[in-house]
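Asker: Modelling step: build the complete structure from the supplied sequences, incorporating the hints.
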Amino acid sequence: MMGATTPGGFLLVLAILLPVGGVLLSFVLGGRFAERVALAVTPLGLALALAIAAGVAHSGQPLVYAVGGHPPPLGIALRADGISAVMLVAAALIFAASGFYARAKFSTPPGVAESRAPLTFWIMLQAIWAALTIVFVSGDLFNLYVALELLTFAAVPLVCIDGRPETLAAALRYLLFALFGSICYLLGAALFFGAYGTLDIALLAQRVHPLPAVWAAAALMTAGLLAKTALFPLHLWLPPAHANAPAAASAVLSGLVVKGSFFLLLRLWFYVLPGLPAPAVGAVLGTLGSAAILFGSVLALRQARLKLLIAYSTIAQIGYLFLIFPLASGAHSWSADGWSGGVMQILAHAFAKAAMFLAAGLLAESLGHDQIAKLTGAARKMPLTFLTLGLGGLSLMGLPPSGGFAAKWLMLRASVASGQWLWALVILAGGLLAAGYVYRILAPALGDGAVALKAPPQRGREAVALSLALVAVALGFAPNSFFDFIEIGRPIVMGTP
Amino acid sequence: MTPAVLAGLVGAAVVGLGLYGLIVDPQPLRKLLAFNLIGSGVFLVFGIVARRGAAAGFEFDPVPQAMVITGIVVAFAASALAVALILRLSETSGGVSLDPAVWTKPDDKGEKGDGQ
Chain A
1 MMGATTPGGF LLVLAILLPV GGVLLSFVLG GRFAERVALA VTPLGLALAL AIAAGVAHSG
61 QPLVYAVGGH PPPLGIALRA DGISAVMLVA AALIFAASGF YARAKFSTPP GVAESRAPLT
121 FWIMLQAIWA ALTIVFVSGD LFNLYVALEL LTFAAVPLVC IDGRPETLAA ALRYLLFALF
181 GSICYLLGAA LFFGAYGTLD IALLAQRVHP LPAVWAAAAL MTAGLLAKTA LFPLHLWLPP
241 AHANAPAAAS AVLSGLVVKG SFFLLLRLWF YVLPGLPAPA VGAVLGTLGS AAILFGSVLA
301 LRQARLKLLI AYSTIAQIGY LFLIFPLASG AHSWSADGWS GGVMQILAHA FAKAAMFLAA
361 GLLAESLGHD QIAKLTGAAR KMPLTFLTLG LGGLSLMGLP PSGGFAAKWL MLRASVASGQ
421 WLWALVILAG GLLAAGYVYR ILAPALGDGA VALKAPPQRG REAVALSLAL VAVALGFAPN
481 SFFDFIEIGR PIVMGTP
Chain B
498 MTPAVLAGLV GAAVVGLGLY GLIVDPQPLR KLLAFNLIGS GVFLVFGIVA RRGAAAGFEF
558 DPVPQAMVIT GIVVAFAASA LAVALILRLS ETSGGVSLDP AVWTKPDDKG EKGDGQ
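Each protein sequence line maps, in turn, to chains A and B. Take this note's numbering: the last position of the first sequence gets the number 497, and nothing is skipped along the way. Take this note's numbering: the last position of the second sequence gets the number 613, and nothing is skipped along the way.
Please keep in mind that the hints were generated in silico from the structure rather than gathered at the bench. Quantities reported herein were computed from a predicted structural model and do not represent experimental measurements. Be aware that a few hints might be false.
Under 7 Å between C-beta atoms, here's a sample of chain B residues computed to sit facing chain A [said to hold, decoys possible]: (1) F532; (2) F543; (3) G544; (4) G568; (5) V570; (6) V571; (7) L584; (8) L586; (9) T589; (10) S590.
Glycine included, every Cβ here is placed at the ideal spot set by N, Cα and C.
Answerer: What follows is the structure, given as structure tokens:
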């Protein structure tokens, strides 16, 4: 019975309750306790994520927990398969890094009992974690809708935490895009429920047929999720929102939050609708992704500010994710490569981009600005920070050895093996353009010149950023067992085109 | 035309009107109202879906109704958050606009001209 609780299923409940409990406790205790609670929650969350991953690896099956003891369709199931477990661990690592990095900026000042920005930051950080955990382990499309909304409501305040009008406008624009996305998603969910009387992912996967209602529902949900994932041409909200947020928040927003809605797209097309003959869908999403890669990279090349450059690079790197739809659909010999490459791109970009945003934050604090034109010689003063930017850039470009290389190599293999040459060209062009914008940061910084530091960066925070970049590089050495692991629980439909 | 079909069509029309307003109107507050209009249309569609619960042996299916209530709560929370942002924006900047010219600094040269 696929809806019954498996051994270890309670871990999924704990993984959700932990950050939720952290949010409530931080809110009740207030003041400087919020920071302590958040920092105490991170190692526990990491341990839980690792325990879930170990449970999935041990049984080779998804962990399932039927809430209230009622299996679907009557109840709601929580499910963690290979890709959920991997995302949980990645999220825990990035939250831990962002939390420890943010201590310097978001500590409650001495002599003050409570201060607005720190309290908001620590509570919202845990709220994002809670929402992402629900996104990763939920097995029900309506539950996922609520999780998506929670994610938005937690992410928007982080964008405008400093209260400047430009950040408020960026947050408002982000919120409006996100609301459009979630209401489209909800309408799609209504159509699914109307057609099949359930929203459980596993049950829907058995029941769906290519009916008009299913196509309409899938189109609505996809359009909504594209707006939330900021795929070109629905990306307008992302650069101002991510570039104006504090660095620790940008790392979470760019590294993880956009992956939350993308994760739902994977759930929709590869878990709910794997039986739908949808090469046209793959082609459309792949084309939009390709346009995002080229457009985002070119705009990144034109930015004057480092954080904006990194934000536009996010748009380009999100584009790569969408190549998974043409490259991993169906049950061909090359689909597994496409799937592995796509998941690897999620992880590599999450770590590389989080590391780069943290490094950019250190740079902005030390120099007092993040104008790329004025970085001349800065690498001599802040070698570790630029090493982080360089290693993150290595992964974005897709040079070996790095997670980005593994991702792009697997995608290239899949596109060549499947005869879809166009995607291969786009992947290569995107790599060249990425090299261009990373060069724009590094070349002047490594040159001669004297920059005055307002304050030297703190070693501990540099080390946090660098460790994330090292994870992005280390992903390039992922063994085959890792790629087998992310296949656990993925329905493969034989005989589809 | 049965009442269910009529209600479904009205729901679709309301969603369409809201979508038009959300895309076309430049004012954030009107965009928010348009979002709420879409929400009403979607909830109406959910109501029609509930009628189809007869297939499961109920006269009405309670699950979509529970979903509508959850959806209303979420839409209410979203509207409150958006109104709070709009109010704060008008306090700090003296006007309510999503126009990039308001929040783009002169030195963000690449930011302009990105096709907005």
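Asker: For each hint, tell me whether it holds in the structure or not.
Answerer: We went through each hint and held it up to the structure:
Hint on F532/B holds. Least Cβ distance to chain A is approximately 5 Å, under the 7 Å limit. Annotation: interface hint on F543/B holds; nearest CB of chain A at approximately 5 Å, less than 7 Å. Taking 7 Å as the C-beta contact cut-off toward chain A, the hint placing G544/B at the interface is violated, the least distance being around 9 Å. Restraint check, G568/B versus chain A: the minimum CB separation of about 6 Å is within 7 Å; hint holds.
For V570/B, the interface hint is violated, the least distance from its beta-carbon to any beta-carbon of chain A being 9 Å, above 7 Å. Given the 7 Å rule on beta carbons, the hint for V571/B holds: about 5 Å separates it from the nearest Cβ of chain A. Interface restraint check: L584/B against chain A, minimum CB-CB distance 10 Å, threshold 7 Å, status violated. Taking 7 Å as the C-beta contact cut-off toward chain A, the hint placing L586/B at the interface holds, the least distance being around 4 Å.
With its C-beta approaching chain A no nearer than about 5 Å, T589/B sits inside the 7 Å limit, and its interface hint holds. Among the interface hints, the one on S590/B holds; its C-beta lies about 4 Å from the nearest C-beta in chain A, closer than the 7 Å criterion.
Figure legend: structure checked against the earlier numbered hints; hints not met, in rising order: 3, 5, 7.
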